[in-house]
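Trainee: Chain by chain, the residues:
There are 2 protein chains.
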Amino acid sequence: MSTSPQESVRRQNLGALLRYVHVRGATSRAELTVRLGLNRSTIGALTADLATAGLIDEGVPQETGRAGRPSIVVRPRSSRVYGYAISLELERLRAARIGLGGKVLDTRATERPPGAEPAPAVAALAALVADMRRSAPADGVDVGCGVAVSAAVRHHLGWSDAALEPALAAALDAPPPFIGGTADLAALAEHTRGAATGADNVIYLHGDAGISAGIIAGGRRITGYGGHGGEVGHMVVNPSGRLCGCGSRGCWETEIGERALLHLAGRPVPTPGAAMATAVQHAREGDPGAQAAVAHAADWLGFGVANLVNIFNPTVVVFGGTLRELYLAAPAQIHRRIESMALPACRDHVALHTPDLGDDAPLVGAAELAFESLLADPLSR
Amino acid sequence: MSTSPQESVRRQNLGALLRYVHVRGATSRAELTVRLGLNRSTIGALTADLATAGLIDEGVPQETGRAGRPSIVVRPRSSRVYGYAISLELERLRAARIGLGGKVLDTRATERPPGAEPAPAVAALAALVADMRRSAPADGVDVGCGVAVSAAVRHHLGWSDAALEPALAAALDAPPPFIGGTADLAALAEHTRGAATGADNVIYLHGDAGISAGIIAGGRRITGYGGHGGEVGHMVVNPSGRLCGCGSRGCWETEIGERALLHLAGRPVPTPGAAMATAVQHAREGDPGAQAAVAHAADWLGFGVANLVNIFNPTVVVFGGTLRELYLAAPAQIHRRIESMALPACRDHVALHTPDLGDDAPLVGAAELAFESLLADPLSR
Chain A
0 MSTSPQESVR RQNLGALLRY VHVRGATSRA ELTVRLGLNR STIGALTADL ATAGLIDEGV
60 PQETGRAGRP SIVVRPRSSR VYGYAISLEL ERLRAARIGL GGKVLDTRAT ERPPGAEPAP
120 AVAALAALVA DMRRSAPADG VDVGCGVAVS AAVRHHLGWS DAALEPALAA ALDAPPPFIG
180 GTADLAALAE HTRGAATGAD NVIYLHGDAG ISAGIIAGGR RITGYGGHGG EVGHMVVNPS
240 GRLCGCGSRG CWETEIGERA LLHLAGRPVP TPGAAMATAV QHAREGDPGA QAAVAHAADW
300 LGFGVANLVN IFNPTVVVFG GTLRELYLAA PAQIHRRIES MALPACRDHV ALHTPDLGDD
360 APLVGAAELA FESLLADPLS R
Chain B
0 MSTSPQESVR RQNLGALLRY VHVRGATSRA ELTVRLGLNR STIGALTADL ATAGLIDEGV
60 PQETGRAGRP SIVVRPRSSR VYGYAISLEL ERLRAARIGL GGKVLDTRAT ERPPGAEPAP
120 AVAALAALVA DMRRSAPADG VDVGCGVAVS AAVRHHLGWS DAALEPALAA ALDAPPPFIG
180 GTADLAALAE HTRGAATGAD NVIYLHGDAG ISAGIIAGGR RITGYGGHGG EVGHMVVNPS
240 GRLCGCGSRG CWETEIGERA LLHLAGRPVP TPGAAMATAV QHAREGDPGA QAAVAHAADW
300 LGFGVANLVN IFNPTVVVFG GTLRELYLAA PAQIHRRIES MALPACRDHV ALHTPDLGDD
360 APLVGAAELA FESLLADPLS R
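Residue numbers (numbering that gives the first Met the number 0), protein chains in the order written: chain A, 0 to 380; chain B, 0 to 380.
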């Protein structure tokens with residue numbers, strides 16, 4: 000079946016309008032005509048089609064206090080149109096139901112079942128999703144599932160996306176999910192609706208058991224040939240440093256990761272996953288070993304960021320996961336390292352941020368993957 | 000003036016056809032119907048329009064020896080449709096006239112006039128271009144000028160693209176030229192018609208007075224916010240290494256650049272720009288100091304490539320400029336370093352190459368910039 004040029008333009012416009020309210024939230028028709036460059040009657044026809052399909056609703060805005068007839072406001076139907084998002088981490092499993100517009104409607108979390116085989120984790124994740132499905136609206140539009148897999152799961156456990164995809168599809172009794180890396184999807188989320196909105200060149204650094212990066216360059220996600228780009232944790236920064244699990248010496252994550260903190264702080268920490276927060280807390284309380292450990296890790300954090308700033312010339316760097324704690328413990332020191340090491344042309348426009356979406360960023364980013372086909376062609380389903 | 004959907008589709012198709020023969024060279028109409036997914040009569044109408052505009056010609060192919068009527072072949076009119084390309088380097092200035100299809104029609108080169116001010120270099124480049132213009136066909140289509148500026152010129156001389164653009168436009172008596180980095184444009188050229196054809200994730204490493212990278216990720220050039228991405232020469236690989244001109248210690252280019260070779264080889268070299276080739280030659284002739292210097296630089300070359308492979312997950316790495324010599328001097332050693340340091344998932348599909356286009360790569364890439372608006376809308380001029 001071929002599509003006429005007019006029909007193809009209409010579908011593009013439907014997608015552009017739905018994407019606009021998905022990303023920006025409730026928007027007046029007047030603003031949509033300006034932003035999309037379409038006339039009022041076209042916007043009216045498009046919103047009518049999207050409303051009929053149950054994807055948006057329209058209504059008068061709150062009292063504006065201004066004179067004149069208010070422009071009708073178009074809102075994404077977040078509670079009716081949603082996707083599922085999964086975060087597969089070394090220590091825990093998380094799942095969420097996320098509405099059009101990026102609204103987190105429901106969440107579940109549990110510890111990851113121990114063991115090196117993925118089957119128990121897949122079953123546990125499916126149980127979280129099944130539980131959320133029971134409270135989802137019966138007439139809802141389920142756009143599918145996105146999955147964020149942490150670099151630690153990929154490398155320490157060796158679970159490949161290619162193996163997880165059919166296992167999750169079977170367990171969820173659903174089409175194959177969309178899979179990406181945790182840092183990559185957190186970058187997508189912060190770029191779409193968080194600390195990096197409007198920036199075309201972004202590095203999101205995620206710390207957990209390892210360190211990885213999500214990279215937006217020229218407005219697009221950079222994931223490499225096999226989706227394994229962003230493995231900055233194994234950028235060697237200190238060739239005379241300690242041995243890393245990967246076989247190299249002085250990888251970035253051996254200098255700034257949780258294990259490095261554990262090693263350097265010389266104090267026990269309660270649970271894996273809390274080492275960074277605990278070390279930072281002990282440093283704040285005046286413990287000299289913890290202070291030295293935090294200063295060491297912060298210095299190497301700035302060091303590695305300077306390298307990445309020279310490579311990518313970004314305008315925003317976001318510190319997520321355990322690196323959020325580390326950044327907030329020593330922002331001036333990290334700034335100084337970047338100032339002294341990165342080239343002026345590359346560092347001049349860089350702003351350092353923590354994630355607006357906090358720990359939800361990977362989940363919100365995973366849901367973006369699931370929304371993509373709806374946004375590309377809203378009435379095709 | 001608004002454009003009808005049909006007209007917009009026709010322009011897209013004209014651009015797609017012209018781009019196809021620009022990139023692939025002479026192509027039969029039969030192959031174009033298959034590759035562009037258009038029917039024979041549409042292809043016939045498009046080629047007729049492009050031929051009338053003087054952008055292509057059509058003819059019967061060489062004798063194929065096969066039975067049946069041969070399909071008409073469409074060729075880019077390389078001798079009539081051309082752009083100018085400039086390479087602004089620390090030691091020399093180069094210019095070329097390059098035809099549609101990427102054919103180098105004419106070249107000129109001269110030493111860069113000494114001094115820290117750009118005016119003499121701009122005047123010398125304009126003279127090279129003016130000289131080529133005299134032998135260009137009178138009825139030719141000049142698509143404009145692309146400029147490759149080496150990272151050494153940007154950083155050692157401090158010449159900004161923003162200052163060079165109007166100066167070159169005035170000296171050339173032409174619209175503002177398109178400017179990019181040497182490594183970035185060499186990457187574009189090798190990706191379009193060289194060693195990295197068909198690869199979507201490519202790192203082109205260029206060595207001259209410094210080291211820089213041109214990066215293709217997801218099929219597109221990655222240049223960063225200000226066009227200064229790819230400054231891999233100032234990725235610090237050896238924090239206990241020697242001081243770099245940028246103020247850091249142990250930058251990649253202090254370990255693998257020409258100055259490093261000069262320092263390590265302990266032998267004089269004839270001229271700047273020839274240090275790498277000379278050191279490699281001396282090493283081949285059995286000079287122990289040169290052998291040690293080459294082994295040192297090759298090892299650090301592999302080290303830095305492993306970092307970049309982990310960050311970008313590319314399928315092709317190309318070694319250009321002085322790094323071509325260094326790679327060819329010790330390919331096995333460089334392979335071993337990458338094998339031992341890069342993560343398996345990132346390194347498994349990487350092929351290492353030298354540039355197919357040799358030293359012409361930055362010029363051919365600069366011309367690609369100049370051709371871009373013609374290819375986007377062939378009949379608009």
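Keep in mind that the hints are not guaranteed to be accurate.
Partner residues are not named here, just some residues of chain A that face chain B (Cβ under 10 Å, in silico) [unchecked claim]: (1) Val-8; (2) Ala-126; (3) Ala-129; (4) Asp-130; (5) His-227; (6) Cys-245; (7) Val-308; (8) Asn-309; (9) Ser-339; (10) His-352; (11) Thr-353.
These are calculated hints, taken from the structure and not from any lab test. Every residue gets a Cβ at the ideal spot worked out from N, C-alpha and C, and that includes glycine.
Trainee: Checked against the structure, which of the hints given earlier come out wrong?
Mentor: 2, 3, 4, 10, 11
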